[in-house]
Amino acid sequence: MELDVQYLLQQLVNGLSNGMISALIAIGYTMVYGIIELINWAHGDLCMLGAFFALTLIGALGIGAWSGPMAAFGVVILLLATAGFCGSLNLIVDRFAYRPLRRAPKLTLLVTAIGVSFIFVNLGLFWGGLPMTVFGEGNAAAAPKNFPAIVPATPILGGEPGQVTLTVRDLMIAGVTMPLMVGLWWLVRHTKLGKAMRAVAQNPTAASLMGINTDRVIGATFFIGGALGGFGSVIYAINNGTIGFQLGYRAGMDAFTAAVLGGIGSLPGAVLGGLLIGVARSLSDGYLEARWTPTLVFTILILILVFRPSGLLGLKSKEKV
Amino acid sequence: MDALRPSSHCRRSHARGSTRVDLLLLVAALALPVVDWLSGGLGLIDPMKAIFIYAILGLGLNIVTGFTGLLHLGVAAFMAIGVYSFAILTADIYPFQLGFWPALLLTIPIGAFAGFLLGGPTLGLRGDYLAIVTLGFGEIVQDVLRNLETITKGTQGINPLPPPTLPLPTAWGGTNGWYEFQADTPQPWYYLFLLFLVLVVVANRNLERSRIGRAWMSVREDDLASKSMGIPPVKTKLVAFATAAAIAAFAGGLWASSLSSTGEPSNYDFQVSILALCIVIVGGMGNISGVLVGAMVMIGVNDIVLQKIFSWMAKQELTSTGSVFGSPNNWKFLLFGLALVLMMRFKPDGLIPARKPRETGSARSATVRPKGEAS
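For the protein sequence lines, the chains are G and E, in the order given.
Going by the numbering used here, the first residue of the first sequence is number 1, and it counts up by one from there.
Going by the numbering used here, the first residue of the second sequence is number 322, and it counts up by one from there.
Don't take each hint at face value.
Which bits of chain G does chain E cover? Going by a derived footprint, with three or more residues having C-beta under 8 Å, they are [to be verified]:
# : region
1 : 68-76
2 : 93-102
3 : 122-136
Computed far set for chain E versus chain G, every beta-carbon distance over 10 Å [claimed, not checked]:
# : residue
4 : Ser360
5 : Thr491
6 : Lys629
None of these hints come from the bench; they were simulated from the model.
Even for Gly, the Cβ is constructed at its ideal location relative to N, Cα and C.
Hey, can you work out the whole structure from these sequences and the hints?
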């Protein structure tokens, strides 16, 4: 069998496209881990709720019927509103579930996050059971919901059989994720808040002695991580075409694996990990079988944790007792 | 929290106290079928089987999470390994075709071996990383069971599987000297599974007080200090891990026999691992009586109380079947989630807190190490 270059390239394009979404969600994991060493289990499910919020908004405003420049405007509204929703929800959860446990053992916090994740999943189930036209009335609550293709998959490059195809949707994904990542990098490196975040990540006690309001900084981290997850959930839903209350688990595990692969706590690591996981997934879908893809992702996750727990770009060791 | 812990001088009375809880539960469990019979059949006997099996699973998990202080999020995978090895050893489409007893006994070493294989390379990892590894393993096992259809029959599951048998003279109703448990008479199942649970409780009590049990707890409290006292942390954790896996696989064998089928692989998913974790946390990590109470609360609420409430509500026409809120299954995640969040917030030591050695210095509990310390 000769190597089909076009097929391989197409898989790579798809993989990078999906990988950018994973990267966006992975940043939410890595930021929270970097600052309070919590694996924020509920993050994937937060994105699931974000997708439901976006779909509800489409139904309420009728965005699905908009066309031309209005459609682009609709996407912007969706992105901003969902980011605001996810960020605020994450902030609220931090305020009521995690903040009271700041001084508690780390595993207490992790178990709480698992609990929050289960609550989110159940809320997603109830949400999907609401009698709304946009959810498909009469559908069971647990059934996947169709997400309208507000950004069409029109090819802008190739499109003929035998050509590598790049669609408007791929462009939208890159157009949303890249500025966000650059913006985040700028925020962490060059603003006062970013400096405070780095300080709290390094040593919360010392940071608070320097007059930094650590609770507020941690809250801001949750908000930003959640908001990026909100952006991610909208483009995930548009790209995927359907959403369901259980999508958070898989999407979250992919993103989490990406964060660990890149080195959890490292922002460039999350991006690199996301792209690598995206490519690995699409190669597995294309050359193995799609049903083995989750197994592959989890195997990668375990192997990294065993052989290189600090990830590709993570610090070699974090001795900061 | 420290102030509330019993200090060392009341240790004895406390230990006697928890044995008393065990005995109280045992008497209640023995009396339940009589109550059920007197009251004309409340239908409590059959769901109790699930409580016993989950209590065994919880006791297994308690060894890793309670005694040794490692968060384990994939215990359902070891239960699945028990279920499928019981099925493959007994079902007539496979060459082994063992009976109930040899197959059930074999699930124990098989489970231990699986635990050993996973634990060996991974137990040196930090707490939260280990949790992720166990989670990933759980997912891999479930995917493999679903995808290797030639062996596991995929989502159809393997069935039928043999029920328990007991030697019984033909004069007393046995066939060829054996009595085979029937699906429609729950009482023998009830007493047999209760007996297994009692055996597992006794084994756990003995392990808790044994040399290895004390080593588990010392590793939980401080693995660096245990190391300097001559207790190898990784090896000690490995024994805990393998023991828990063996008990979980045993619970799986019982489960398979009671269902007479493996069911589909998603019956052993992350949700089951979390249910087992809820049982241990709600009851009180590291406390055997606590795990028993936890199993009764979690499974009892889930399988009995919720079902009764919803069937009553349906009868009163308070809920419609079309509504998403009308089915008890749709509330399960919310229930588990709230149980975890509220317990962690208000009662992190569980309903029946375990006796812990008095801590000096920091208020940090057992499972936590200072940030970044290598283990």
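Hints, verified against the model:
{"no.": "1", "hint": "68-76", "result": "violated (count 0)"}
{"no.": "2", "hint": "93-102", "result": "holds (count 3)"}
{"no.": "3", "hint": "122-136", "result": "holds (count 7)"}
{"no.": "4", "hint": "Ser360", "result": "34 Å, holds"}
{"no.": "5", "hint": "Thr491", "result": "51 Å, holds"}
{"no.": "6", "hint": "Lys629", "result": "20 Å, holds"}
Comparing the model with each earlier hint shows a violation of hint 1 alone; every other hint is respected.
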